[in-house]
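Model the full assembly from the supplied sequences, consistent with the hints where possible.
Under this note's numbering, think of the first position of the sequence shown as 59, with each following residue one higher.
Hints are computed from structural coordinates only; laboratory data are not their basis.
Among the clues, some could well be false.
Said to hold, decoys possible - Derived SDA-like pairs (lysine to any residue); straight-line CA-CA distance at most 25 Å:
hint, residue 1, residue 2
1, K156, G132
2, K116, A101
3, K156, D146
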Amino acid sequence: AAGTPSAAYLGLIILIAGLIELNTSDDGREPGDFGDPLRFAQAYGLDFDGGDDIAQWKNFELNHGRLAMIGFLGAVMAEAASGFDAVDQWRMLGPAWKRTTAILFFPQESVGTISSFIQ
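Have a look at this one:
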């Protein structure tokens with residue numbers, strides 16, 4: 059909200075981002091190609107001007123990004139289903155496994171909530 063101390067900092071961040079956008083040029087580059095500003099390719103001995111295939115490394119990056127998005131979506135959906143955040147899901151792994159196996163073995167009576175499986 060206007061008048062709060064953080065409002066000035068947010069405005070400053072937006073102003074700095076705008077100045078960076080005005081001073082950078084994308085001429086001669088593909089969309090999203092930021093080059094290698096931290097020189098990772100040089101540190102790992104890769105030569106994209108020579109024999110190393112840049113298309114293969116772009117595909118690696120796309121595939122790993124997609125896998126990360128699916129993992130994030132899985133964590134969010136598990137939180138929506140269980141009510142536990144990502145850290146609590148790992149903490150509740152043992153009781154959740156016991157409850158899941160109890161459900162899968164077709165019990166004769168109702169299976170309790172996960173809190174009944176915590177020792």
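### Message
Need the status of pair K156, D146: alpha-carbon distance at most 25 Å?
### Response
This hinted pair holds, its Cα atoms lying about 16 Å apart.
#### Entry: Hint consistency between K116 and A101 [alpha-carbon to alpha-carbon, up to 25 Å]
18 Å, holds
### Task
Verify the proposed pairing of K156 with G132, using a straight-line Cα cut of 25 Å.
21 Å, holds
Violation of the numbered hints given earlier is absent; every hint is satisfied by the structure.
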